[in-house]
Each structure stands twice: as structure tokens, then as C-alpha cells.
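Given the coordinates of chain A, work out where chain B should sit on it, guided by the hints.
Taken in sequence, the protein lines are chains A and B.
Numbering-wise (the numbering used here), the first sequence opens with residue 1 and increments by one.
Numbering-wise (the numbering used here), the second sequence opens with residue 1 and increments by one.
Think of the hints as simulated: they come from the structure by calculation, not from any bench.
Take these hints with a grain of salt, some might be off.
[Said to hold, decoys possible] A partial selection of chain B residues facing chain A, derived with a Cβ cut-off under 7 Å:
| hint | residue |
| --- | --- |
| 1 | Ala240 |
| 2 | Pro241 |
| 3 | Pro243 |
| 4 | Gly279 |
| 5 | Val298 |
| 6 | Gly317 |
| 7 | Gly325 |
Don't be surprised by glycine CBs; every beta carbon is placed ideally from N, CA and C.
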Amino acid sequence: MRVRFEGEEIEVEAGQTVAGVLLSKGIRSWRTTRGADRPRGLFCGIGVCFDCLVRVNGVPDVRACQRVVADGDDIRTQTGVELPS
Amino acid sequence: MVRIDAADVVVIGAGIIGAACAEALSAAGLRVLVLDRGAPAGGTTAGGEGNVLVSDKAPGPELDLAVASRRRWPELLESLRGELGDELVQVEWEPKGGLVVATDEDAVGPLRILAEAQREAGVEAVDTTAEAARAMEPHLAEDVHAAVHYPEDAQLQPVLATTALLAAVRARGGEVRGGTEVHGLVLDAAGTVGGVRLGDGTVSCGAVVNACGPWAGHFSVTVGAPIEVLPRRGAVLVTAPLPPVVVRRKVYAADYAAAVATPHVDLQVSAVVESTATGAVLIGSSRQRVGFDESLEVEVLRRLARSAIRLFPVLAGVPVMRTYGGFRPYTPDHLPVIGEDPRFPGLWHASGHEGAGIGLAPATGRLVADLMCGRQPEVDPFRFRVDRPEVIAEVRT
Numbered sequence: 001m002r003v004r005f006e007g008e009e010i011e012v013e014a015g016q017t018v019a020g021v022l023l024s025k026g027i028r029s030w031r032t033t034r035g036a037d038r039p040r041g042l043f044c045g046i047g048v049c050f051d052c053l054v055r056v057n058g059v060p061d062v063r064a065c066q067r068v069v070a071d072g073d074d075i076r077t078q079t080g081v082e083l084p085s
Numbered sequence: 001m002v003r004i005d006a007a008d009v010v011v012i013g014a015g016i017i018g019a020a021c022a023e024a025l026s027a028a029g030l031r032v033l034v035l036d037r038g039a040p041a042g043g044t045t046a047g048g049e050g051n052v053l054v055s056d057k058a059p060g061p062e063l064d065l066a067v068a069s070r071r072r073w074p075e076l077l078e079s080l081r082g083e084l085g086d087e088l089v090q091v092e093w094e095p096k097g098g099l100v101v102a103t104d105e106d107a108v109g110p111l112r113i114l115a116e117a118q119r120e121a122g123v124e125a126v127d128t129t130a131e132a133a134r135a136m137e138p139h140l141a142e143d144v145h146a147a148v149h150y151p152e153d154a155q156l157q158p159v160l161a162t163t164a165l166l167a168a169v170r171a172r173g174g175e176v177r178g179g180t181e182v183h184g185l186v187l188d189a190a191g192t193v194g195g196v197r198l199g200d201g202t203v204s205c206g207a208v209v210n211a212c213g214p215w216a217g218h219f220s221v222t223v224g225a226p227i228e229v230l231p232r233r234g235a236v237l238v239t240a241p242l243p244p245v246v247v248r249r250k251v252y253a254a255d256y257a258a259a260v261a262t263p264h265v266d267l268q269v270s271a272v273v274e275s276t277a278t279g280a281v282l283i284g285s286s287r288q289r290v291g292f293d294e295s296l297e298v299e300v301l302r303r304l305a306r307s308a309i310r311l312f313p314v315l316a317g318v319p320v321m322r323t324y325g326g327f328r329p330y331t332p333d334h335l336p337v338i339g340e341d342p343r344f345p346g347l348w349h350a351s352g353h354e355g356a357g358i359g360l361a362p363a364t365g366r367l368v369a370d371l372m373c374g375r376q377p378e379v380d381p382f383r384f385r386v387d388r389p390e391v392i393a394e395v396r397t
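Okay, chain B solo, but in the shape it has when bound:
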């Protein structure tokens, strides 16, 4: 394998966001080195469910990014298949649609209002009666009140998707190096980034992208450019494989968006249920701000199970094979951080996507590449800028 000692861009973090940035930058003709202190796609990317959702976002900058990204995913996969062949680009892409369900009367109003606003923003959101929802998902609880169907919601296997993006980077002359920690930046007298310091020397480069996910805050402090990105923990239950008819779409409770939006530190649980290509059903979602504490909490698992059974009573008799979890990169204003750091020209950040990084990855990668190459970006980058008051954490240093 080629070992690069100088690159146009060094991307730090080989999760889905780092991989998508590296893919877009290498597609623009830049030579990219992707570094990860662990294994590629081994952190947050491996701890989620593979959501590519437009349903869970209110109109605003994140929805704009999500819509652009949802459009981009199938195009990108198609072009990668052309470039790399089918074998390397099998990512279990399923444009299965989403169904958001109001399980109590009070949830119906806010659900309909959100759907109306999303329709005005160009999202396909179909108001659905409880009966129609049960026709779409025959195992759905009988006492749901209403639902909204989002045909554009999709799913993929995030580790496979990341692997495919990184394969493209390698095929274009870039390198992906795991087990490599970055200890600092090499700066010139004017504070411009000229390289990264590794344990065994330096790699010179024209730009560095901090794509460290929930560790982006730590990394930013290490290099003296702090941004406010914090870990938000989540857990997922995995059932034994079930027949594919049991859960057909992404089905989640209408209180999900509220659980995501809350600034609370304590446990939030909102049911998100979907099947995977193996037949196993994934049950999320929980949110806790407990730092990087990985200890297993039975109460969290219990509440996940209960909330899923509320949507699909049949799950009460189904065994859970295992549970896994991870940390979402959380920002105080729930918007990703994408752009160049004005304090250190040449240092870029691409993090803070919280639980939506899989869905938002291709548009994020493209945005970084467009901005770095001086092209007109498809999505307005202003609200994702690094120097917004919620993110620049100089007060905390």
C-alpha cells in the first residue's frame, strides 16, 4: 500500500463524515490522507442504525442539508458502483420510507403541524389515518391515533457505506491509515496549517479536516481551536431475525423529534424501530449526556423495549439477541459544524451531526469540498459556520 508523507488534505476521523469528506475531496482531484486513531468506521458510525431521514427535521438549515443529502446518496452510490464495481459498494441501501406514529391524542396536532411545514419545505409527507397506517404496517398497535408517511426516508448499513467511500479514496491515490493518532497541527508563523504531527513524525498538508465525531471537541482542544461538540449517548436493542413483514419501514413515535430537540442531560427515550437486511429488528432510541461513560444501564434497555412494544405489541414475545450503543456528536444548537476555522486558516471542522450523520454525510462532504475548492455550494453554509456563538467554545478553555 502507498504510504503518503504529504497530502493536499488530511482528514482526521474515518467514520462516515470523514469518509464522505475524503470522498468528495478526492473526487475534486485532491490527494487525501484519512487518519483514525482506531479502526475505520469503528466509532459512532458503528454504533447507530443507518438512518437517512428527512422526516425528523423541522424546516431550517438541517432539513436543507438532509434533503440535499437524501438526493445525493443514491447518485453517489451509483457513481461509486461505476467506479469501483458492485462488490465494494454493497451497502444495504433501502429506500423503505418512514412512518411517524402518534401513540396518544396529544401528539396528533404537533405531528400534523410539523408535516405541513415540511411539505411547504418540499418534503413528501403524507397525512395518514390510523387505519391506513395499520394497512402499511400490519403489526402496528391497534390504538395508534394518526401517522405521517415519509416515502423519502431511507436506510443503509453505515459501516459498509463508510468502507465503500474509503475504497474510492484509495482508488484515487489517497490513503486510509488506522491506528494513528494525531498529536497536533504544524502551523507556520502566521498560524496557517501546514501539516499534522503524528507519533512518528509529521505529514505536511494544505488543509486538515477535523471529522472526529463526538471526539471533535477533544481534538479541537488538543490543537488549540476549541469547538463545542459533546457526546450524547444512545443504545440500540437487536432482536433475533424476524420475518420481513413484521416491520417494513422506519417506524417511530411522534415524540422523537421533541426528544432530539431537548437540551436535557437526563435520559430521553423515544421509540425508533426498523428491520435490517439480516432480519434482525433494531430498537432505539435513547439519549443521555453522560460524557463517554459506556457502562450498561438496564433501565435504558428496559425503556427501549417497552417503547418499542408500545408501537409493535408482537415484539413482546421476541428475544433480544444483543445490545450496542455509541456516542452522538452533539452541539448546543443541534446543528452540525461545517467549515473552516477562522482562528487557524487551513483547519476545517465537519462534526456535530448528532444522530443524523449517516444521512447528512454526502452533502456534508460535498459542502466541505465546495468551500475548500471555491465552488458555489449547493446548501447555504452560513448556519453551519464554525464561528457561531453556540460552537466557539473559547470561554471554556
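Just chain A, with the same shape it has in the complex:
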């Protein structure tokens, strides 16, 4: 299975979460905060804190720790807050 992160292809295994995939590639941050533009990545890891938000297939505010990857997913970093288009 393959997904893309910021356009770059990554080999993944079925059942991995987006956060799992990114961490396994050494990527620790994939979002910036709304006010101070600070880096954010995995924090609680159980879907509660909404810190690890990421854009998947154009949909913002996806929790990277909860989203299990699907073949061909287009994963993008998120800047501050984004509205669904």
C-alpha cells in the first residue's frame, strides 16, 4: 500500500494510522497552531486532544491518531485552522 505525504510517496502497511506512518518516517510535526504558528504532532494518541490534526484527501481536521490509512491517501500538513471546502 502507498500513500503520499506532501506529495511524496510512502510505503505503508494496512492497519497503520496516519500518525503511525508519519512517526515511523521520523516526521514528528504536521500541523501549526492558529495563533503562534507553533508545531504540533501526536499528543494524546487516543483521539481526545485534537492536536494531531492533518488534511487527508482534502478534508481538514482529521485526527492523525485515529485515521487508518487507505491506499492512495493524499496526506497534507495543516496550517492553523482550515475550513472544509
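Positioned in the frame of chain A, the structure of chain B alone reads:
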């Protein structure tokens, strides 16, 4: 910290109403002890949205109190900043205005009639076309029929506001004590209040204020002076943070006032949508009379979500982070109970503000202080009196 064993006034309940009463009483020079069986600002005050509204009230005593309170909030915050410094008085005060929206044709007439009556009562209420409303709130649904803009509506963070009021009480020599339940009143032979009984002794005082919110009815029964205050449950959805342009004002559906006014026990849902300083959007409002049952009901959450999407379709694609809820203190005639209990001189009640306690708090505190100190009150207290037939619940004891 100073531990007070005698006070001029003991306020029971450290929510926004108890805190506002304690603030006003301590400003009048009285030594105040605030007690709460839990943590300060941990009950109804923490379960709401921080509404400071004049838009949702028809002309009458509650609107008079709301107008006085709306005027008072910014003055009070300003004077507290002077007294305590900016750090302790950051309450996310936002005079953002309200927009009440008619989502169907039938709602337009009653909305305009209410606005006209409110204008006559001195409220700023601007009749607004659907187009103008959408210019103010670009994400508003395209098929709304009309709106009324209320520039005076405002919002604050109720837990922070309560904390600031209680900080003032402490700074003036009072004390705030959490985790302390009051088991009864100390009465003299004539039935006059002389203190409160705690688990570990008594505190003597000249007056007691029952500011227990939705538990004010329970407390009043405990001390043998029953008043009719009942819990009315509500739930709120919290979205993930959104850009500040999505929801700019307090936006709610025109059927909100009717949902508040209904005496029905079963579920009432009417959309109330607003953003907060963190960017999260709060979605209310639901009303149920289910006692103090806290169990989560998915159907309530579903209906809240649907009603909010009706106003702001963009919310359909936005995740809900969490939900919370609480109990409003409800009285059968939808008016707060503010004043001295004629059955027990020295026992005062300040409760029954339903969903409007945050907005009504400063004027309520001032009214209690004015009446207790024998000053001329700004708002006529008669309709809030304890011994009105809807509230004195002696039939139920």
C-alpha cells in the same frame, strides 16, 4: 489563607450568581464567606456558553434586569481590573452582538413583533433582511428569511468571570471555601438566621444567601424554607477550532425564545451558535426536564448538530471535539428568585436564572446588596420576590 469563623454574610454556592452577590456585598463593606460543596464555578457556571443577552427576552422584569446587567458587566470588569490588575480579570469579554435568524416564513412575523416591543423597551434591535444578515455572517444559510441584529448582545467565559469576582471577594478580606457542604441554618428563637451549620461546626453570620443554582430548591428544602427551583438540562457541542470568520456573532434561531418559554418537560431544541476565543464553535441549545439525570443522549446531540447545520451549512463538514452539559435553575414562571425569605429573616435567595445567569449576574448581585443594605435598588425587585405563588413551594413539603 484567612479562615473566617464569623461573617456578615455567608453565600452558599460559588457559581456566577453566588460570586456576583459576594462581590457586590463585599464592595458594600460586608465581610463575606462563600461556601461551595464542590469546586468554585464547577456546576452550572461551567456548563453553559457565557451568554450576556438582551435579545432573547420580551419586555418585562427579566429584560429590565438583563439591560441593567448588560450595562453593569463592562463597568464591573473595568473596576475589577483597576482593583486586582489585568492578570486576574481576563474573562474573554466580547461585545460581539447577536443575530437572531428566522429560518422559515412563519417565524418572521413573531420575530419582528418581538423586536419592535424590545425597541420600545430601549433595546437596540435592528430589523435586517436576509441579504444583510448574510453580509454580516457570510456562512449563514442562503435560505433564511429575515433577521434581527442586537448589537448589545455579548459573551464572556463564565468560569474566568466567576474566578475574577471571587478574587475580588478575597482581596476585600472575604473567604471562598470549596468542598464545604452546609447542613442547615442556625436560627434564634424568633426564627432569625444567625449562622450556618457545617460538617465541622458552625459559622455565625448576619445573613445567608442561597445561590445554589439548580440545587437551590434542594437546599431550600434542607433548611425548611422550600422554593420551587428545578433543574432544566442542556447540552452543548464543541467543534474543532475554526477560523474566526465562520461564526462572528451570537447567532440563533428565532424559535429560541419560544423554546425557553415553553413549560414542556420533554426535549426542546433550538439552535444557538457562537465561536469562542480558542476558535472552537459552541452549539446549543437543548432543554429537558429530567431531574439531575446526566446520562448522554445521542438523539439530543444529533438534533443540536442538525439545527446548527440548518443555520451554518459549512458546519456539516466540521468535527465535533466534545460535548458537555449542565442543569439550568428553572422556576415555573421563568423569573429568577431574588430577595429575602419572609419566613426566615436573614435567609436570602438568588437563583432561578435558568439559562441567563451569566448575563444576569452583576445586576442580581447588586440587587441583593442594595436590598440588604437598605439602598434604593436600580431594578424593581417586586417581580423577583420570594413569596410569589409560583415559587413558594410550601404545598410540596
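Broken hints, numbered, in rising order? Result: hints 5, 7 break, sorted rising.
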